[in-house]
Amino acid sequence: MFNKDRWREIIEVLSSNVGRTLLTAFGVCWGIFILITLLAAGKGFENGIRKDFGDIATNTMFMWTRSTTKPFEGLPKGRSFEFKTNDVQAIWDNVPNLKYISPRNQIGGFRGGGNVVRGIRIGAYDVYGDYPEIIKQDPMTVTSGRFINYNDIEQKRKVAIIGQGVQSELYDKGEEVLGSYIKIRGINFLVIGTYKKNNNDGDGEEAQKQIFVPFTSFSQAFNRGEDVGWMAITAHDGSSISQLKENIIEVMRKRHKVHPEDKRAIGYFDLYEQFNRVESLFFGLKAIAYLVGIMVLLSGIIGVSNIMLIVVKERTKEIGIRRALGEQPISIKKQILMESIFLTIISGMVGIIFGALLIYGINSLLDSVGPVDMFMNPSVSVGVVSGALMILMISGLLAGFIPAQSAIRVRPIEALRTE
Amino acid sequence: MIEIKDLHKSYKMGSNSLHVLKGINFSCEAGELVAIMGSSGSGKSTLLNILGMLDEADSGEYTLDGVPIKDLSETKAANYRNKFLGFVFQSFNLINYKSAMENVALPLYYQRVPRKERQEKSLKYLERVGLREWATHLPSELSGGQKQRVAIARAMAAEPKVLLADEPTGALDSTTSYEVMDLIQKINDEGNTILVVTHEPDIAEMCKRVIHLKDGVIVEDKKVEQVRASQYVK
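Chains A and B, in that order, are what the protein sequence lines are.
Here the first sequence stands for residues 1311 to 1729, where the numbers follow the working numbering.
Here the second sequence stands for residues 41 to 274, where the numbers follow the working numbering.
Simulated from the structure, these hints should not be mistaken for laboratory data.
It is possible that some hints are incorrect.
With the Cβ distance kept under 10 angstroms, some of the chain A side facing chain B (calculated, not the full set) [what the hints assert, rightly or not]:
1. G1384
2. R1632
3. L1635
4. S1641
5. S1716
6. I1718
7. I1723
Yeah, the Cβ is synthetic: ideal placement off N, Cα and C, and Gly gets one too.
Whole structure, please, built from the sequences with the hints as guidance.
Here's what the structure looks like:
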């Protein structure tokens, strides 16, 4: 492999017709360039979409009650019902592989009036009654103070964590937030923390304008009793919530005397399913990128193969001489194959370099004009690049195979016959 | 050195076959300088190709220096050619993008002689054919006679048992032909076995033994008084 003479020969042969070598190399270079660029574009798209999802735990479903649509066990249809706090324990008892179950209550939100007051300022915000686990399902960064803990839950402390959007509307700049009070529907809550959310979708601004208070304090303060507005349920990483959700809903149907076939009594949103849909889109994009890239690459490789055939034809006599002088057929084959692989890999690397430069250019352009919707940081991983090199190696081998075979098929005596 | 018994060879040309060699019996001692003569189509090149293992006989025996040559795979044939034989062709057959020295070093390369040693050896042989100062020149920068001398140096570099020359002077004028023959005679004087295919009688006379082929059989095999080529060379 690392035979100096062989390499010298490869260089000699390839440089003997520079124009032709360059044109041939261009085919492969172009193919790999397209492959890299397409993959990077797909990755950029994927990065953009993933950013929109934020850090939210994707193996999660949300579940709420609606009114029944079928009469059952003597109960009429059109009956409304509520989840209760003891439903949470019932789900824990009946459905395995769940990681978090967070019962939630909420006021405000859609058409919520001015529900929060501080001094002379007033605002309309979503106020949630939550358990401490919610921060793992709907991640946020606590920027000062702390989040809800179980002492808050047990002692029903009237404390609140507010978003940065709330802070900027209810407080002056530089004003101390922690330790101050806000009035939610006329009830004072002590502010113990602020948060910031990272997701970047259309609700980006809205997400910063929420207030979290302990679930138990919420129930007591706003007269919810044992009612649960909705639940956020996350499954363990090993299992998918999409498969568990039927069980969960079935447990709820039983407990609330809902007809087993009443599909509409319990509403849910399966984030995992949505996420999977997007995931398969990414997969499809990647597959298309590979397909198109490899197809273009293939035409480049056929070019290499053709040129190698011509080279072999041109060198028929030389090959004959070499064989008369005692060169082994396998050595000739090796020579042709190495020429082909060398040509493919070198031109492929040039293609990779150009692709990388383009990606670099696009990235610095994106950096300078700021974020673009659904596109971010196009890139290819080292894995993809080494995969591309593997593809090149194999294709070089394939491209050289037929010419190498035809080189040793010619018998020396025929090759030597003067034309 | 060479033993041939009842050698037959025919070529298939579509439906009819052409019987080229019709039972050749021939032997040759070490150190001989043999001219194989005959008109075109007499089978002399075919005979040389079979002797050179570039072609295989249909039937008959061929022994080279005690080694029976038969059922050769391409790899084995390449090995034998490299070890036993040196070729000199009418059209020189130098590799035109390699310098004279690299051309001479080629058979040594196939013997996996280390690079340094290859260079030394090829320079030595170029010296012997009087072309040392042309070592770095490409074949295109050499005259016909010089090319043939490089080719002879290349054939000798691997120190073969037999040197096979197919019309070595065929593409040369008479002055350079004699120079080349002078070289061949000198190499023979050192004890090397050489077979020369030629159709020129004056070249044949410079050998020690002349074999006439006609229609695929040997019609004449005689020792001759060798004419030294040096007397024609100034």
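Consistency of the hints with the structure:
no., hint, result
1, G1384, "violated (93 angstroms)"
2, R1632, "holds (7 angstroms)"
3, L1635, "holds (5 angstroms)"
4, S1641, "holds (8 angstroms)"
5, S1716, "violated (14 angstroms)"
6, I1718, "holds (7 angstroms)"
7, I1723, "holds (4 angstroms)"
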